[in-house]
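A.B. asks: Okay, here's what each chain looks like letter by letter:
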Amino acid sequence: MSERILTVDNLRVDLPVPAGTLHAVQGVSFHVDRGETVCIVGESGCGKTLTALAVMDLLPARARRTAQRLELAGRDMLSIGERAMADIRGARAAMIFQEPMTSLNPAYTIGNQLEEALLRHSRVSRRQARARAVYLLERVGITAAASRFKQYPHQLSGGLRQRVMIAMALMCGPSLILADEPTTALDVTIQAQILHLLAELQREFATGLVLITHDLGVVARIATRVVVMYAGEVVETGTAAAIFSRPAHPYTRGLIACIPVPGRTRRGAALGTIPGMVPSLVGKSIGCHFASRCDYAIDACRSADVTLEAARDAGHLVRCIRHAELPALAPTRVAEAAP
Amino acid sequence: MLAFTVKRLGVALLVALTVSLITFSMIYVSGDPAIAIAGEGARASDIEAIRKFYGFDRPIIVQYVDWLAGALRGDFGRSFTLRQPVADIIFARLPVTILLGAAAIGFALVLAIPLGVLAAVRPNSMLDRFALTVAVVGQAMPTFWFALTLILWLGVTWRLLPITGSDTWQHFVMPAIALGYFVTPAVMRLTRAGVLEVLASDYIRTARAKGLRPPTVLFKHALRNAIIPVVSLAAVQFGFMLGGSIVIETIFQINGLGYLAWESIQRKDLPTMQAIVLVLAVIYVLLTLLADLLNAFLDPRLRAA
Ligand SMILES: Nc1ncnc2c1ncn2[C@@H]1O[C@H](COP(=O)(O)OP(=O)(O)OP(=O)(O)O)[C@@H](O)[C@H]1O
Ligand code: SF4
Ligand SMILES: [Mg+2]
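Residue numbers (the working numbering), protein chains in the order written: chain A, 4 to 342; chain B, 348 to 652.
Next up, chain B with everything else stripped away, as it sits in the complex:
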């Protein structure tokens, strides 16, 4: 298990490094960054001054190493437009986004896994059909529309929850449901398919042949093997939610990373965009690593890889 962990960690580091390289080159993909900062119709001398100030005149490789060294220390440079350190901007927003993402994936798993298991244990039952309905509706309904429906019912009609902001945990309930419900169908179907497949396997027959009770057969012998693909899916979806919650963050006016990304793009604030992409990518790599380790814990055959 130790060798496995070290190996996976190495791979994760390599991926993170590659991502950082791509992220860094973002700044040159869209043309000369000095011109972009200076804006339309700037004088050549101003552009030159900006180029010197930000160090764009140095060799690219030097700039990259410099930027990477900074990033490793948590220094992502200064925002072009907000005139403050990018790190300060990002780390003010990151906890909110992570909290929202965690709550959303938590909600999705808590809803989807039991439904998927029940649907698999009683295929074609009423419950299975109900679960299927949940899945179909979840896939068909646009996120923003679902979010607005939630606001209308829970926020306006029944006044159960606050509608906008991110001050208390209550503020996270609706956004988390709106964001999490979107991944529920995929998780549920994967759980259902996994449990169905495992329940038909020979070792489940062995477990039953030992006289084990149905709950032991299901929870000890079936679920552990059936959940493995779900772990990977959940990690990927969690990653997507962190980067892709712009709509939800906008609707509920949550000042998270998604919203910041949207603002930065509009302001052409390259250092901030770079930092967001890098931070999200590193989190993504870490999530994948975590999923791999968890799966290796669940299935000893994976530890050899």
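In isolation and in its complexed conformation, chain A is listed as follows:
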């Protein structure tokens, strides 16, 4: 059996908001093995970022995190204190953020900020830390790394800054990297380069990679397994092969139908042309979260909560009461087709 890096079991994140409690993450479970790339996909606001932040214990102070299990390389992260957690952050688990323009401190050189990560966690000299930083800057494709080293973040483009963030994540050789939409803020041409780089480094350093993304085309190419989230829940999960060849949830099917086809769709076109709105996550709700947008919804979908069930393939789980009959079904709600 392969080495288990991350286990997330029944993770919940609640946020107090003026209108009540926002249940941003509602019982999310997944795992990552060494060398795997697990992609988390789903529309904006479905709780992807908060899931990653919860793993790192970096949630906003007001947020409340609970889980059945949260283990990193066999270590229980629910019971350890803040000091022990700080020893893990950056060393064993690193995170790359959605916002490269603001994720680096404007007051320090990128060299300083890179070195700092290693100096914090290992007994190395500043020279050794510098050597590693320059090496990694080169590895992430930054030319003239030694001179870039002395530059400040504002002197670098967004793409370069995100490369710096990737290098920073690799400084201590972590076993897990959480990359939260690392390319959404970047130019379309740069996006592909950065994702290729991540996939390549993930293979080379044999880390576990959690990649949060909107881009299903990317998922199809680099994911080992896929976690599809909708309104705070996992609605479907399985191997990339199973998800793409036999998507079992109507939402996943909708997402896949929206994948841009090379030559026919504009590059970088937004995902999620599924009509309708995501339900509010404030307060309690009953029934399938997707019901208001689902073409196959029936009364039973709204009357009781839907659980994750095994689909046909091994490890393939889906949260839909009609998943077995779905392939043969006609939609209960036919989209008004244009004449």
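Heads up, some of the hints might be wrong.
[Stated by the list, open to error] In silico lysine-lysine, DSBU-like type, Cα no more than 35 angstroms apart, as pairs:
hint, chain 1, residue 1, chain 2, residue 2
1, B, Lys567, B, Lys354
2, B, Lys615, B, Lys399
3, B, Lys615, A, Lys153
4, A, Lys153, B, Lys567
[Stated by the list, open to error] Some chain A residues well away from chain B (every beta-carbon gap over 10 angstroms; in silico):
hint, residue
5, Gly30
6, Asp36
7, Glu74
8, Ala110
9, Val127
10, Gly161
11, Val191
12, Ala195
13, Phe247
14, Leu332
For the record, the hints were derived by calculation from the structure and aren't laboratory data.
The model shown is predicted, which means the values in this text are computed figures rather than measured ones.
All C-beta atoms, glycine included, are put in the ideal place defined by N, C-alpha and C.
Since chain A is already given, all that's left is putting chain B with the ligands on it; use the hints.
C.D. replies: Frame of chain A; chain B with the ligands shown alone:
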């Protein structure tokens, strides 16, 4: 950084020059200076003699250049009333005022910055409320009243400190506290707001994601960025204190520039007033320059400007 410094220095010089022009024209704003010196009911021939003696009969531009050249050499002319060089009068008083101002701003920063930081780190805690109380009280209490309270407690009741004069450092303690406490609220609130804002920023999350310890996150990553507006504020407040410490200087009988300004106004001693305004303005310009340079050191993005 060099280009930045040169540029800022140039701007500072221009501002100083403009101020000197305004200061110089002060003498004519209030009417004919010769009449002012001669006093009520003077004879026309006396006025004419005074006008000649002080050179008021020359073209204004010549007078200005002459005055400016003198000022650059540290010669501000002679006082109308004290019959001695203005420079001597001013430079006897200036160190006292600068010492008082520095002590006051030092006191304010030492009190306000840690309080502001602590309040931001633990928002809505007891400490935050205490800091808020300090701020509200500081803003509501008149300076003179606070100064008198200090004198009553520290000087009269407990006899810890001398009450008046400026001979030893002990003499500066109460005036500095009285003067400095007045700016504490503004500095503290600005620090608190700055730290709060910076702590919520993405790069602080990055710092924490690296596993950095809370003190490193706070002092290395947060404070350096949060303190930038405070530096500018402190420079401005320091400038105000130098010119605006008349009340404090009077209460504690400190012979500083503020008190001199007050005397000069009452005596209509224009050369002295001119010199005080110019010296204060130049100090003010220098302080602003210093704050700009310090901020550019703190935030590399400002160096490009
Ligand atoms: N600090 C916060 N305070 C209140 N609500 C928040 C906060 N952060 C996130 N949320 C809410 O929690 C939900 C999940 O947010 P999250 O950032 O995890 O979404 P996401 O899936 O990462 O979306 P995106 O693709 O836009 O990044 C959203 O409804 C969001 O509005
Ligand atoms: S449970 Fe019902 S509403 Fe939900 S996805 Fe399945 S068919 Fe649609
Ligand atoms: Mg997000």
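A.B. asks: Does each hint hold? Answer for all of them.
C.D. replies: Results for each hint:
1. B:Lys567 <-> B:Lys354: Status holds; Cα separation ~29 angstroms.
2. B:Lys615 <-> B:Lys399: 19 angstroms, holds
3. B:Lys615 <-> A:Lys153: The hint is violated at about 58 angstroms.
4. A:Lys153 <-> B:Lys567: Satisfied, since the Cα-Cα distance of roughly 18 angstroms is no more than 35 angstroms.
5. Gly30: The claim stands: Gly30 of chain A keeps its Cβ more than 10 angstroms from every Cβ of chain B (closest is about 25 angstroms).
6. Asp36: 23 angstroms, holds
7. Glu74: Given that every Cβ of chain B is farther than 10 angstroms from that of Glu74 of chain A, nearest at about 18 angstroms, it holds.
8. Ala110: Given a closest Cβ separation of 5 angstroms, the condition is violated.
9. Val127: Nearest chain B Cβ is 15 angstroms from Val127 of chain A, so the label holds.
10. Gly161: At roughly 13 angstroms from the nearest Cβ of chain B, Gly161 of chain A sits farther out than 10 angstroms, so the non-interface label holds.
11. Val191: 23 angstroms, holds
12. Ala195: 24 angstroms, holds
13. Phe247: 32 angstroms, holds
14. Leu332: Holds: least Cβ distance 45 angstroms, greater than 10 angstroms.
Going through the hint list in order, the structure does not satisfy hints 3, 8.
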